[in-house]
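A.B. asks: Knowing the structure of chain A, use the given hints to seat chain B on it.
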Amino acid sequence: MRDFGRPSPAAAIEPPLRSPAGATSAGYRADGGATGWCVLRAATVTGVGHRLAGEGNQDYYAWADAGARLALAVADGLGSVPGSDCAAHLAAGAAVAAACDAYGTPLDAALAGVACAEAGLRGVEAAQGATTLIVGVAEPGREIALARVGDSTAFIVTPGAQQESESWREVFPPPSGDEDLVTVATGALTATMDSPPASIESVEVELLDGEVLVVVSDGVAVPWRDGPSTVAPAMAEGILARPSPLQLAGLADFSRQGCHDDRTILALWLARDGSPPADE
Amino acid sequence: MSSVNVGVEERYAVFPFYLCLDVSASMAGAPIDSVNRELPLLRSSVGEDPAIAEVIRFGIVTFSDVAHTALPLCDLSLVEAVPELAAQGRTSYSAAFDHLRRIIEDDYNTGRAGGDKWYRPAVVFVSDGRPTDDPERWRAALGRLADPSWRRRPNILAFGFGDADPSILAEVVGSQPNRAFVADEGAPPSRVVPELMSGLVKSIVSSSASVYTGSAQLVVPELPSMHAIPVDPLD
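Protein sequences appear in the order of chains A and B.
In case it helps, the numbering used here puts the first sequence at residues -2 to 277.
In case it helps, the numbering used here puts the second sequence at residues 563 to 797.
Hints in this document: simulated from the structure, not taken from any laboratory.
Glycine included, each C-beta is placed from N, C-alpha and C at the ideal position.
Be a bit skeptical, because a hint or two may be false.
Residues on chain B that point at chain A, a partial pick, calculated with CB under 10 Å [claimed, not checked]:
hint: 1; residue: R573
hint: 2; residue: E616
hint: 3; residue: T631
hint: 4; residue: A632
hint: 5; residue: P634
hint: 6; residue: S639
hint: 7; residue: V641
hint: 8; residue: A675
hint: 9; residue: G677
hint: 10; residue: S770
hint: 11; residue: V773
List time: in silico DMTMM-like cross-link candidates among lysine to aspartate or glutamate, alpha-carbon distance up to 25 Å [what the hints assert, rightly or not]:
hint: 12; chain 1: B; residue 1: K679; chain 2: A; residue 2: E163
hint: 13; chain 1: B; residue 1: K679; chain 2: B; residue 2: D668
hint: 14; chain 1: B; residue 1: K764; chain 2: B; residue 2: D637
hint: 15; chain 1: B; residue 1: K764; chain 2: B; residue 2: E610
hint: 16; chain 1: B; residue 1: K764; chain 2: B; residue 2: E646
hint: 17; chain 1: B; residue 1: K679; chain 2: B; residue 2: E667
hint: 18; chain 1: B; residue 1: K764; chain 2: B; residue 2: D746
hint: 19; chain 1: B; residue 1: K679; chain 2: A; residue 2: E161
hint: 20; chain 1: B; residue 1: K679; chain 2: A; residue 2: D250
hint: 21; chain 1: B; residue 1: K764; chain 2: B; residue 2: E642
hint: 22; chain 1: B; residue 1: K764; chain 2: B; residue 2: D611
hint: 23; chain 1: B; residue 1: K679; chain 2: B; residue 2: D709
hint: 24; chain 1: B; residue 1: K679; chain 2: B; residue 2: E646
hint: 25; chain 1: B; residue 1: K764; chain 2: A; residue 2: D250
hint: 26; chain 1: B; residue 1: K764; chain 2: B; residue 2: D595
hint: 27; chain 1: B; residue 1: K679; chain 2: B; residue 2: D611
hint: 28; chain 1: B; residue 1: K679; chain 2: B; residue 2: E610
hint: 29; chain 1: B; residue 1: K679; chain 2: A; residue 2: D0
hint: 30; chain 1: B; residue 1: K764; chain 2: B; residue 2: D627
hint: 31; chain 1: B; residue 1: K679; chain 2: A; residue 2: E167
hint: 32; chain 1: B; residue 1: K764; chain 2: A; residue 2: E11
Chain A with its partners taken away, still in its complex shape:
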């Protein structure tokens, strides 16, 4: 486990051994692979807080490959609402399935993914919980569309930047509000029928040669923003090296004071000319 800045003493504590029975999702997951036109890496690690409490990972990622369209999603269940790990699982799965099946542009598909995830959560009998969700839809030769509810976000990592600060940029506006103090308001999809519809943000982005789209939960996004001289450059460098799935999980599992949330990273490389992106 690498230290990024001040290490977290809590991250060094051996957590209690959890029974796998009844766990909604794996505490640690890593996947990866290529289609003919893109390469995907994905990893999620349980945060220090949940580990020490003997609880599971409330983040979940999913993707669906429809040949000429790839849909991917990251959902971050809200720890303060019971059942949110299930909500994250349901929302991410429903979103990528719907986004792959949807007609229209990648943006239409990403928005459909979010809408179907919300409808799906509300439609499941006895469902409970709340989750943030970000859905990405990529097609060969087109801009990538992203739609989200809540504070999961996406970065674009650029190779060969002259300065460290130019090696990454966030595609959604970072959280606003009080510049001096941390704000904690989080939008979410909920399983509650009488809650108002979620507010959806969307954006379309183009990846230039060698750039990587990185979709993350706030467990990664917050330290990435707050660690411009430690976390951000290490993440950018590690991702540009196209890590294996397990290396990506290791990259996410860093130690940093006060950063104890679950962490999820999906990284996507595209070939602009339709051929598979070359390995580094």
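C.D. replies: Chain B only, in chain A's frame:
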């Protein structure tokens, strides 16, 4: 960990708690003795758990005729002992509020220079009596502490026992529901104070746990011998 000084471009989230404790003469005897017994337990409970200590900063302000910083805002894992408190003098709420306003601003600036990013600070205000200073004066000081245009204004929880006035405690928390509490009738300070300190530890633990999961909250302690002061709805 917090001894590492970093530039302001690197930010580390901490959750500051200020215990603002009435040490006027009426606290002499069993109440202040209970406080002095319980504070070391609070220090060990919070300071010896790395998961809590790395995100919580804790300070103690005492007030009577004047207000003092008895324990500067700190990482409790680095504190070897908390100071013993003594009771004397009257109950100046204005001294407490003005002192809090000043040290919160100073502590924030010091922390920010060291790379800390703050969650909104929490003030746990504990009093066993009514303010002895002029109402206009303490209300003006409270107004400065709770000034909506002051970005570092704290969330305040107020706890009263003995001769504390529920309506005044409600004012201290801006008449927000479930922020002001008063001891049940007949509950002795010897029972209330240990419960309060134990509740404060639970509040800090739960609040720090909420930081871990990405949705920070100030968690209000549950106290068996105290009840929330009802807040009248306004027309």
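A.B. asks: Does each hint hold? Answer for all of them.
C.D. replies: Verification of the hints:
1. A hinted interface residue such as B:R573 counts as satisfied when its beta carbon comes closer than 10 Å to some beta carbon of chain A; here the least separation is about 4 Å, so the hint holds.
2. Checking B:E616 against chain A: minimum C-beta separation of about 5 Å stays under 10 Å; hint holds.
3. Evaluation of the B:T631 hint against chain A yields a violated restraint, the C-beta minimum of about 21 Å exceeding 10 Å.
4. Taking 10 Å as the C-beta cut-off, the interface hint given for B:A632 is violated, the closest approach to chain A being about 25 Å.
5. Below 10 Å, beta-carbon pairs count as interface contacts, and B:P634 has none with chain A, the closest being about 20 Å; its hint is therefore violated.
6. With a least beta-carbon distance of about 8 Å to chain A, the hint placing B:S639 at the interface is held under the 10 Å criterion.
7. For B:V641, the interface hint is violated, since its Cβ never comes within 10 Å of a Cβ in chain A; the closest pair sits about 15 Å apart.
8. Checking B:A675 against chain A: minimum C-beta separation of about 13 Å lies over 10 Å; hint violated.
9. Among the interface hints, the one on B:G677 holds; its C-beta lies about 8 Å from the nearest C-beta in chain A, closer than the 10 Å criterion.
10. For B:S770, the interface hint holds, the least distance from its beta-carbon to any beta-carbon of chain A being 9 Å, beneath 10 Å.
11. The criterion of a C-beta within 10 Å of any C-beta in chain A is met by B:V773, whose closest approach is roughly 7 Å, and the hint holds.
12. For a cut-off of 25 Å, the pair hint linking B:K679 to A:E163 stands: about 23 Å separates their Cα positions.
13. Between B:K679 and B:D668 the alpha-carbon distance is near 14 Å, which keeps this suggested pair within the 25 Å criterion.
14. For a cut-off of 25 Å, the pair hint linking B:K764 to B:D637 stands: about 17 Å separates their Cα positions.
15. Distance restraint check for B:K764 and B:E610: the Cα-Cα separation of roughly 14 Å lies within the 25 Å cut-off, and the hinted pair is therefore satisfied.
16. Simply put, B:K764 and B:E646 have alpha-carbon atoms about 22 Å apart, close enough for the 25 Å limit, and the pair holds.
17. Restraint check for B:K679 and B:E667: the C-alpha separation of about 13 Å stays at or below 25 Å, so the hint holds.
18. For the hint pairing B:K764 with B:D746, the CA-to-CA distance comes to about 20 Å; that is within 25 Å, so the pair holds.
19. For the given pair, B:K679 sits about 22 Å from A:E161 by alpha-carbon distance, which is consistent with the 25 Å threshold.
20. With a C-alpha separation of about 22 Å, the suggested pairing of B:K679 with A:D250 holds against the 25 Å cut-off.
21. At roughly 21 Å between alpha-carbon atoms, B:K764 and B:E642 fall within 25 Å of each other, so this suggested pair holds.
22. Between B:K764 and B:D611 the alpha-carbon distance is near 13 Å, which keeps this suggested pair within the 25 Å criterion.
23. Restraint check for B:K679 and B:D709: satisfied, since their Cα atoms lie roughly 21 Å apart, inside the 25 Å limit.
24. Taking the CA atoms of B:K679 and B:E646, the gap is near 30 Å; set against the 25 Å cutoff, the hint is violated.
25. A C-alpha spacing of about 28 Å is found between B:K764 and A:D250, which places the hinted pair above 25 Å, so the restraint is violated.
26. For the hint pairing B:K764 with B:D595, the CA-to-CA distance comes to about 21 Å; that is within 25 Å, so the pair holds.
27. Of the supplied pair hints, the one linking B:K679 and B:D611 holds, its CA atoms being roughly 21 Å apart against a limit of 25 Å.
28. Only pairs whose Cα atoms come within 25 Å are accepted, and B:K679 paired with B:E610 is accepted, the gap being roughly 22 Å.
29. For the hint pairing B:K679 with A:D0, the CA-to-CA distance comes to about 18 Å; that is within 25 Å, so the pair holds.
30. Note on B:K764 and B:D627: the hinted pairing is violated, with a Cα-Cα distance of about 30 Å set against a maximum of 25 Å.
31. Between B:K679 and A:E167 the alpha-carbon distance is near 20 Å, which keeps this suggested pair within the 25 Å criterion.
32. Between B:K764 and A:E11 the CA atoms are separated by roughly 23 Å; this keeps the pair inside 25 Å, and the hint holds.
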